[in-house]
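Trainee: The task is simple: from the sequences and hints, build the whole structure.
Here are the chains, one letter per residue:
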Amino acid sequence: MKVKQFALIAAAVLAVSHSDAAAANDATVSISNFTFKPGDLHIKVGTRVVFRNEDDIPHRVAAVDGSFLSRALDTDDQASFTFTKPGVFAYYCTLHPRMQGKIIVTP
Amino acid sequence: MRDEDQIDYPSRRQALECMVWAGTGVLWTVSGGVPKSLGLLGTAQAAEAVQSPFTFLQISDSHVGFNKAANPHAIETLKSAIGEVKALAAKPAFMIHTGDITHLSLASQFDDAAQIIGGAGLDVHYVPGEHDLVDDGNGKLYADRYGKGKLGAGWSSFDDHGVHFIGLVNVVNLKAGGLGNLGPEQLAWLADDLKDKSASTPIVVFAHIPLWTVYADWGWGTDDGAQVLQLLRRFGSVTVLNGHIHQIIQKVEGHMTFHTARSTAFPQPAPGTAPAPGPMTVPADQLRKMLGITCVAVSLGSQRLAITDETLAGS
Chain A
3 MKVKQFALIA AAVLAVSHSD AAAANDATVS ISNFTFKPGD LHIKVGTRVV FRNEDDIPHR
63 VAAVDGSFLS RALDTDDQAS FTFTKPGVFA YYCTLHPRMQ GKIIVTP
Chain B
917 MRDEDQIDYP SRRQALECMV WAGTGVLWTV SGGVPKSLGL LGTAQAAEAV QSPFTFLQIS
977 DSHVGFNKAA NPHAIETLKS AIGEVKALAA KPAFMIHTGD ITHLSLASQF DDAAQIIGGA
1037 GLDVHYVPGE HDLVDDGNGK LYADRYGKGK LGAGWSSFDD HGVHFIGLVN VVNLKAGGLG
1097 NLGPEQLAWL ADDLKDKSAS TPIVVFAHIP LWTVYADWGW GTDDGAQVLQ LLRRFGSVTV
1157 LNGHIHQIIQ KVEGHMTFHT ARSTAFPQPA PGTAPAPGPM TVPADQLRKM LGITCVAVSL
1217 GSQRLAITDE TLAGS
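Here the protein sequences line up with chains A and B, keeping their order. The opening position of the first sequence corresponds to residue 3 in this note's numbering, with each subsequent residue numbered one higher. The opening position of the second sequence corresponds to residue 917 in this note's numbering, with each subsequent residue numbered one higher.
Among these hints, one or two may not hold up.
What the hints assert, rightly or not - Derived pair list, reagent style BS3-like, types lysine-lysine, alpha-carbon separation capped at 25 angstroms:
(1) A:39 to B:1091
(2) B:1091 to A:104
(3) A:39 to B:1113
(4) A:87 to A:46
(5) A:46 to A:104
(6) B:1205 to B:995
(7) B:1002 to B:1056
(8) B:1007 to B:1056
In short, the hints are calculated from the structure, not lab data.
Mentor: Following this line, the structure appears as structure tokens:
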């Protein structure tokens, strides 16, 4: 398995308001109907990814390799992580582990 | 409420009362070591069950803190459920709570749950749901409250009226892509716990996520649940009680009865009938018919415990 050198910079920023979601190089993964959308997200190094829960049930985003873990996101909560290394980062929901996605980070 | 020595449960009238209330929880009667649904009792069985002095109660998925469209007042429906418990003519010996006590593992939610559920005046045996372990301490708040005297993430066993009860935890260390998970340490403990038990000992196993696969696409099953069932196969009476799916699904397989309880907070869709298993919003006048508790009556000499599900519709 590839060694993941992913560094977590903006850890688990929980925001109930939408006010922090406007950075130019953000990418968004929405969570609805127990699905991460898009399931495969392609980004450049340095991109901040915002996970936003649109379900009426909490979800919690966790990297398979343990490199990032959000808090439990209630409805409309979001968490963001900035990806500083290239690689493929698989993640899932710790409450509903059938929910899975990938962040594909290129230089 | 009557005294223990006056219990003649389940009389026909009481059984009917219990059925009216079939949405809050499940009242279980252990009859001859086998839990049996009171709602399924025929006259002869009912006569036999009259000699049963022992009932316990299951509540599940109270989700204290939930306030979304499917039930903006989940705390009120939990109060109604406990009100139903207190009003039972035959006082149950104890309650089991099969997890998702809280919605988000907040201390205030645990406090509210403890206060409301404590109002029933019954001992409560808890196992956690996945919603009870998402605090910053990854389960510390649950362990602080309910972990005393338990092993691992909170599993344990106890005996009551000759029935062996086992509370399992299948909501910890869930693997990406997987279902519920017990893990080798817990399975080894279970094998050891059961090894000296006579095959005639009635067994009741309870855990949050169903131990058999109800619907894998929605995660409604336990990856290593089959190993539990294998360990239980030699017993003459096994009852498996779960929550998590917020609806009643029951099946009987040989000497094993599987039963899931309703939630006291919100219903979820039947397997595969919706895009996702999230909270199901129903017309307000229908909600309480889809919430409930479960009564289990235990009596000697029959194969199954009596399981009756009661809704909150009358409360």
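Trainee: Now look at each hint and say whether the structure bears it out.
Mentor: Results of checking the hints against the structure:
A distance of roughly 20 angstroms separates the Cα atoms of residue 39 (chain A) and residue 1091 (chain B); the hinted pair therefore holds under the 25 angstroms criterion. Between the alpha carbons of residue 1091 (chain B) and residue 104 (chain A) the distance comes to roughly 15 angstroms, so the proposed pair stays at or under 25 angstroms and holds. Pair hint residue 39 (chain A) plus residue 1113 (chain B) does not hold up; C-alpha atoms about 50 angstroms apart against a cutoff of 25 angstroms. A hinted pair counts as satisfied when its Cα atoms are at most 25 angstroms apart, and residue 87 (chain A) with residue 46 (chain A) qualifies at roughly 9 angstroms.
Annotation: proposed proximity of residue 46 (chain A) to residue 104 (chain A) holds, straight-line Cα distance about 14 angstroms (limit 25 angstroms). Proximity of residue 1205 (chain B) to residue 995 (chain B) is assessed by CA-CA distance (about 15 angstroms); at most 25 angstroms being required, the pair is judged to hold. The straight-line distance between the Cα atoms of residue 1002 (chain B) and residue 1056 (chain B) is roughly 30 angstroms, outside the 25 angstroms bound, and the hint therefore fails. With a C-alpha separation of about 32 angstroms, the suggested pairing of residue 1007 (chain B) with residue 1056 (chain B) is violated against the 25 angstroms cut-off.
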